[in-house]
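> What follows is each chain in one-letter form.
There are 2 protein chains.
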Amino acid sequence: MRKYNVAILGASGAVGKVMLKVLEERDFPINNLKLLASARSAGKEVEFKGEKYKIEEVKPESFDNIDIALFSAGGSTSKKWAPIAVEKGAIVVDNSSAWRMDENVPLVVPEVNPEDVKWHKGIIANPNCSTIQMVVALYPIHKEKNIKRIIVSTYQAVSGAGAKAIEDLRKETEAKLKGEDYKPEALPNHIAFNVIPHIDVFLDNLHTKEEMKMVNETRKIMHAPDIKVSPTCARVPVFNGHSESVVIETEKPITVEETREILRNAPGVIVEDDPFNNIYPMPINADGKDEVFVGRIKKDLAFDNGIAMWIVADNLRKGAATNAVQIAELLIKYNLV
Amino acid sequence: MRKYNVAILGASGAVGKVMLKVLEERDFPINNLKLLASARSAGKEVEFKGEKYKIEEVKPESFDNIDIALFSAGGSTSKKWAPIAVEKGAIVVDNSSAWRMDENVPLVVPEVNPEDVKWHKGIIANPNCSTIQMVVALYPIHKEKNIKRIIVSTYQAVSGAGAKAIEDLRKETEAKLKGEDYKPEALPNHIAFNVIPHIDVFLDNLHTKEEMKMVNETRKIMHAPDIKVSPTCARVPVFNGHSESVVIETEKPITVEETREILRNAPGVIVEDDPFNNIYPMPINADGKDEVFVGRIKKDLAFDNGIAMWIVADNLRKGAATNAVQIAELLIKYNLV
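From first to last, the protein sequence lines stand for chains A and B. First residue of the first sequence: 13, per this note's numbering; consecutive thereafter. First residue of the second sequence: 13, per this note's numbering; consecutive thereafter.
Rather than coming from a laboratory, the hints here were simulated on the basis of the structure. Careful, some of the hints might be misleading.
The list makes no distinction among identical chains, and a pair is therefore deemed to hold if it is satisfied within one copy or across any two copies.
Distance condition first, Cα-Cα at most 27 angstroms in a straight line; then the derived DSS-like pairs of lysine-lysine [said to hold, decoys possible]: (1) Lys345 x Lys301; (2) Lys71 x Lys345; (3) Lys64 x Lys183; (4) Lys100 x Lys15; (5) Lys240 x Lys264; (6) Lys301 x Lys190; (7) Lys92 x Lys160; (8) Lys160 x Lys240; (9) Lys160 x Lys33; (10) Lys66 x Lys221; (11) Lys71 x Lys61; (12) Lys190 x Lys29; (13) Lys311 x Lys100; (14) Lys301 x Lys92.
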């Protein structure tokens, strides 16, 4: 079996570390592994399959002979380095928002639109974490029932804002319990025992960039430009695992039993829906898992054809690292690399 | 000025304590104050205006000569004792869910339906906390724009589940930070760094009782039996202050500026909506306040005539104690006591 030369840019970040773990768990066919980062993080050591790897500073030559480059750096880093990596012959799977809405770049969730990897021109974008878990659950319903409207409110973990935000939650919580003050560094407001209705920057239409990602990326991934999406994104004091309260209106009539049946057969979905025994998805249970968990499925009371549900996933795994590695696996499956 | 004999049943609970604070702050005209509880809590001492009061075990005679009885006990306690208090001549303002949907009992939010106290037959019900803060914000919009649908997802604090749930959050958070385990006693699941999509018991329609309160109480308070309400209620690791992500569809066209203007002039509402300066409602800021805070007002993307907003209030105050005391004040204002 052929093995591939793989580079990871941003290997020391919150998502980069999980990428390494996922590559190892899934026994991704790696020939040569190169770990890259900005000058600031270069020199750090990380482990992969029991061996130590030193992170190198990214340079154009870094991508010589690389087959697949997994990027989990910021948008501006990606804007700069993705074209260079492609120029050098690598296929880039990029986790930033830099290329997602570029019409020359496929935006892929393997359970939803795997075939879109086939028209890549060097870069394939990995969607926003909140969007990924939502479309994994909603796409199989859309195929059968035609979704017209999605109203979603998120309960997002701090890990989505990076390693520093995880420290913010820990440090501020410890301080608060002692009656002391602490000011988060990576989050726009206090997070301990609080809710912040603000993720990413605000745009002119008074939505945040995070909220508009849920609108635009959902449409692009599901090939459904007419779906209406009403998003509200909030940060909650949870370390890892995003939760979403989702209401959909469908064109065709839909029942709770049909929804459960569709989701039971949906790839990447686990139905956790036995409320009378206190079984429903929760972030502490999704942490460390690769699937999307759906529960609290109920006939919605606002629409004739409506269903409400509660969707939870590990935002660092399915919401980022796992989805990126799955895209790399698709490249192999379709002989594109 | 006339003063009144006031009894509080459940004076040692989370809401009862805040009732005492609110009565003191608002200088409620009290002649004689009687603090009551079940046998279990009798004998405890609490302070009011610098004086110590001993909590007595509730008995039928407890209500002799009482003008106003504020109940903040459980539903079954209320079912038993409210008729006895009324029989003895008291007017009961009850914070439990026992009487709320009784057609002989007004369900009152003073900013919304103050006149309903006038047809009371001895008992006036105080609504559910999540419902109160939502209708305070939505009713003034409904009057001008006619709300057809409400889709709401809540982010509820543990204080709404009582004093023991507050301890649960503190103890489990302390344990988790040390890498230890703790099992909450008053909550149905783990709360530290988690979200629980489960408040109150599950009903046959797969909604929780808490969720159906938001449907039925909203309609009764707003005199709007046709409004469609889609509720999802979740508990977040916040000590006090409920947050709500709310989307409304109105019959008449509505803009963000109109909504802000209506809410700026609405009783009991404070508009906190300057997102570009990180100003929006958050539970840590609403804690200890009597108003309902509204922000993140944005043109909704799912409905032609739609607005989304973020509503936060102190659930122990406006969601319970303050609203009950305001009802008692209405009784005086309308010469009903």
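> Does each hint fit the structure? Answer for all of them.
Checked hints:
| no. | hint | result |
| --- | --- | --- |
| 1 | Lys345 x Lys301 | within (23 angstroms within a copy, 59 angstroms between copies) |
| 2 | Lys71 x Lys345 | neither (29 angstroms within a copy, 76 angstroms between copies) |
| 3 | Lys64 x Lys183 | neither (30 angstroms within a copy, 39 angstroms between copies) |
| 4 | Lys100 x Lys15 | within (19 angstroms within a copy, 86 angstroms between copies) |
| 5 | Lys240 x Lys264 | both (16 angstroms within a copy, 20 angstroms between copies) |
| 6 | Lys301 x Lys190 | between (33 angstroms within a copy, 23 angstroms between copies) |
| 7 | Lys92 x Lys160 | neither (38 angstroms within a copy, 49 angstroms between copies) |
| 8 | Lys160 x Lys240 | both (6 angstroms within a copy, 18 angstroms between copies) |
| 9 | Lys160 x Lys33 | neither (38 angstroms within a copy, 49 angstroms between copies) |
| 10 | Lys66 x Lys221 | neither (35 angstroms within a copy, 55 angstroms between copies) |
| 11 | Lys71 x Lys61 | within (25 angstroms within a copy, 71 angstroms between copies) |
| 12 | Lys190 x Lys29 | between (32 angstroms within a copy, 23 angstroms between copies) |
| 13 | Lys311 x Lys100 | neither (52 angstroms within a copy, 45 angstroms between copies) |
| 14 | Lys301 x Lys92 | neither (32 angstroms within a copy, 49 angstroms between copies) |
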